Amino acid sequence: MFEDILRFAQPALIWILGATLFVFVATQVIISVMKRSNVESKTIGYVKWVRNILLLLLIIAFVWQLGVALSINAVDRSVIDRDGIDFSRYPTATPFK
Numbered sequence: 001m002f003e004d005i006l007r008f009a010q011p012a013l014i015w016i017l018g019a020t021l022f023v024f025v026a027t028q029v030i031i032s033v034m035k036r037s038n039v040e041s042k043t044i045g046y047v048k049w050v051r052n053i054l055l056l057l058l059i060i061a062f063v064w065q066l067g068v069a070l071s072i073n074a075v076d077r078s079v080i081d082r083d084g085i086d087f088s089r090y091p092t093a094t095p096f097k
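Sequential numbering from 1 applies to the sequence shown in my numbering.
Just so you know, these hints were derived from the structure itself, not from any lab.
The structure displayed is predicted, hence computed values, not measured ones.
Watch out, some of these pointers could steer you wrong.
Here are the computed distance ranges between Cβ atoms for each label pair [to be verified]:
id	residue 1	residue 2	range
1	38	11	39 to 49 Å
2	64	30	31 to 41 Å
3	18	70	16 to 26 Å
4	67	40	32 to 42 Å
5	23	66	16 to 26 Å
6	12	52	21 to 31 Å
7	63	31	18 to 28 Å
8	14	41	13 to 23 Å
Built from N, CA and C at the ideal position, the CB exists for glycine as well.
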């Protein structure tokens, strides 16, 4: 059941990671346009706060995605018996206890 939750969450995390990266790049472009247009530095400061929060979310989403990917890999490897037999290839077989 745990591996099913991880497999379901992984595509959602990829979308979150991609969307956060897109918005982060968009805020970088907005900051550079605002600097060229001589916008108030206070307004640029607010946009930089948003950018920094997005960067933090981007890092969290990336680490979370990495953790999910490693967890799925660990779950997949857990079906290998101590003798090295991969029981995931044989759905009707069960490991000896």
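Hints and how they fare:
{"no.": "1", "hint": "38 to 11: 39 to 49 Å", "verdict": "43 Å, holds"}
{"no.": "2", "hint": "64 to 30: 31 to 41 Å", "verdict": "26 Å, violated"}
{"no.": "3", "hint": "18 to 70: 16 to 26 Å", "verdict": "20 Å, holds"}
{"no.": "4", "hint": "67 to 40: 32 to 42 Å", "verdict": "41 Å, holds"}
{"no.": "5", "hint": "23 to 66: 16 to 26 Å", "verdict": "20 Å, holds"}
{"no.": "6", "hint": "12 to 52: 21 to 31 Å", "verdict": "24 Å, holds"}
{"no.": "7", "hint": "63 to 31: 18 to 28 Å", "verdict": "25 Å, holds"}
{"no.": "8", "hint": "14 to 41: 13 to 23 Å", "verdict": "36 Å, violated"}
In summary, the numbered hints that this structure violates are 2, 8.
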